[in-house]
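Trainee: Working from the sequences, and respecting the hints, build out all of it.
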Amino acid sequence: MSRQGYWKRLAQSTALLALLAAPAISRADDTELREYSVVVNGKPAGVSRMTIVQKNDGTTYMSGSADVKFRVLLGDYIVKIDTQEWWKQGRLIGMKTSGSENGKKVDVTVAADNNQLRVRVNGKELLRRADSWTSTYWKLADARFHNKQVPILEVDSGREFNSDLKYVGQEKLKVGNQLQDCYHFLVTAAPGPIDLWYDRYHRLVRQEFTESGHKTIVQLVTVRR
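Convert by adding 215 to the 1-based position in the sequence shown; the result is the number in my numbering.
If you are wondering where the hints come from, they were derived from the structure by calculation, not from laboratory data. Where hints are given, some of them may not hold.
Unchecked claim - Simulated crosslink set (DMTMM-like; lysine to aspartate or glutamate; CA at most 25 angstroms straight-line):
(1) Lys-354 <-> Glu-247
(2) Lys-381 <-> Asp-414
(3) Lys-363 <-> Glu-423
(4) Lys-430 <-> Glu-386
(5) Lys-387 <-> Asp-346
(6) Lys-270 <-> Asp-328
(7) Lys-320 <-> Asp-357
(8) Lys-363 <-> Asp-396
(9) Lys-311 <-> Asp-322
(10) Lys-311 <-> Glu-375
(11) Lys-387 <-> Glu-375
(12) Lys-319 <-> Glu-340
(13) Lys-270 <-> Asp-414
(14) Lys-311 <-> Glu-250
(15) Lys-381 <-> Asp-357
(16) Lys-387 <-> Asp-410
(17) Lys-303 <-> Glu-250
(18) Lys-258 <-> Glu-340
(19) Lys-389 <-> Glu-250
(20) Lys-319 <-> Asp-291
(21) Lys-311 <-> Glu-340
(22) Lys-284 <-> Glu-423
(23) Lys-354 <-> Asp-244
(24) Lys-354 <-> Asp-282
(25) Lys-381 <-> Asp-396
(26) Lys-354 <-> Asp-410
(27) Lys-354 <-> Asp-297
(28) Lys-363 <-> Asp-414
(29) Lys-430 <-> Asp-379
(30) Lys-270 <-> Asp-297
(31) Lys-363 <-> Asp-410
(32) Lys-339 <-> Asp-379
(33) Lys-270 <-> Asp-357
(34) Lys-354 <-> Asp-245
(35) Lys-311 <-> Asp-328
(36) Lys-363 <-> Glu-340
(37) Lys-303 <-> Glu-340
(38) Lys-389 <-> Glu-375
(39) Lys-339 <-> Asp-297
Mentor: Shown next, in the form of structure tokens:
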């Protein structure tokens, strides 16, 4: 597994450790804080916190950050990443991601431009599909993509790829001390599959993937509103 490949997987774990400050919130806004545990190879590797703000104008804002560290053969593997996303009417309208992988830095920005996304990666501009899902996977893709191919935008590289999004079934998962009914989906994305579970609000509850023998689990622990 390349270091870059694992970094991308951790970026898909939505947001780890420190919480980004959300923008000014009016009383009408619906704000939710989610905390996750992150386990790599059976050992604690970080804590995830994610902020979701649903505004009355139909805009949804998500923010989070990653600060994860675990042991690999040649030493510690360290990932730091901050990401923010803006969505409206089911489409991505803006994104900012900055991070470092063992000291290698990256900055990605996204802005909606008519029927496409204008993406800048460390200053280089790219054009991507306007209906792309993001590799944070914090929200379930639109129903029109279920059991079909979905375009996925990698938040830390600007790369876009198509993947099958398969519905596996409804399962009960423990969140805190309670069992929740969750929808299990499978993303058949390279370099390996990603299992995702979502709650009734279509927000991420659990994520599992294994890459080059490194099994990572991101599990929702608490929700505060």
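Trainee: It remains to establish, for every hint, whether it holds in the given structure.
Mentor: Here is what the structure says about each hint:
1. Lys-354 <-> Glu-247: Given pair Lys-354, Glu-247 holds - Cα atoms ~13 angstroms apart, limit 25 angstroms.
2. Lys-381 <-> Asp-414: holds (16 angstroms)
3. Lys-363 <-> Glu-423: Measuring from Cα to Cα gives roughly 20 angstroms; hence the hint holds.
4. Lys-430 <-> Glu-386: At roughly 21 angstroms apart (the allowed maximum being 25 angstroms), Glu-386 and Lys-430 satisfy the hint.
5. Lys-387 <-> Asp-346: violated (30 angstroms)
6. Lys-270 <-> Asp-328: holds (22 angstroms)
7. Lys-320 <-> Asp-357: At roughly 32 angstroms apart (the allowed maximum being 25 angstroms), Asp-357 and Lys-320 break the hint.
8. Lys-363 <-> Asp-396: holds (23 angstroms)
9. Lys-311 <-> Asp-322: Measuring from Cα to Cα gives roughly 8 angstroms; hence the hint holds.
10. Lys-311 <-> Glu-375: holds (16 angstroms)
11. Lys-387 <-> Glu-375: Roughly 32 angstroms between the alpha carbons, so the hint for Lys-387 and Glu-375 is violated.
12. Lys-319 <-> Glu-340: Holds, at roughly 19 angstroms.
13. Lys-270 <-> Asp-414: Since the Cα atoms of Lys-270 and Asp-414 sit roughly 20 angstroms apart, the hinted pair holds (cutoff 25 angstroms).
14. Lys-311 <-> Glu-250: holds (21 angstroms)
15. Lys-381 <-> Asp-357: OK: Lys-381 and Asp-357 at ~13 angstroms, within 25 angstroms.
16. Lys-387 <-> Asp-410: holds (14 angstroms)
17. Lys-303 <-> Glu-250: Distance ~24 angstroms between Lys-303 and Glu-250 Cα, so the pair holds.
18. Lys-258 <-> Glu-340: The hint is violated at about 38 angstroms.
19. Lys-389 <-> Glu-250: Measuring from Cα to Cα gives roughly 14 angstroms; hence the hint holds.
20. Lys-319 <-> Asp-291: Holds, because 14 angstroms separates the two Cα atoms, which is no more than 25 angstroms.
21. Lys-311 <-> Glu-340: holds (14 angstroms)
22. Lys-284 <-> Glu-423: holds (17 angstroms)
23. Lys-354 <-> Asp-244: holds (18 angstroms)
24. Lys-354 <-> Asp-282: holds (21 angstroms)
25. Lys-381 <-> Asp-396: Answer holds: Lys-381 to Asp-396 is near 18 angstroms, not above 25 angstroms.
26. Lys-354 <-> Asp-410: With Cα atoms ~14 angstroms apart, Lys-354 and Asp-410 stay inside 25 angstroms; holds.
27. Lys-354 <-> Asp-297: holds (17 angstroms)
28. Lys-363 <-> Asp-414: Judged against 25 angstroms, a Cα distance of about 20 angstroms means the pair holds.
29. Lys-430 <-> Asp-379: Measuring from Cα to Cα gives roughly 21 angstroms; hence the hint holds.
30. Lys-270 <-> Asp-297: Given pair Lys-270, Asp-297 holds - Cα atoms ~22 angstroms apart, limit 25 angstroms.
31. Lys-363 <-> Asp-410: OK: Lys-363 and Asp-410 at ~16 angstroms, within 25 angstroms.
32. Lys-339 <-> Asp-379: violated (28 angstroms)
33. Lys-270 <-> Asp-357: It holds: about 19 angstroms lies between the C-alpha atoms, which stays within 25 angstroms.
34. Lys-354 <-> Asp-245: holds (16 angstroms)
35. Lys-311 <-> Asp-328: holds (15 angstroms)
36. Lys-363 <-> Glu-340: violated (29 angstroms)
37. Lys-303 <-> Glu-340: holds (23 angstroms)
38. Lys-389 <-> Glu-375: violated (33 angstroms)
39. Lys-339 <-> Asp-297: With Cα atoms ~19 angstroms apart, Lys-339 and Asp-297 stay inside 25 angstroms; holds.
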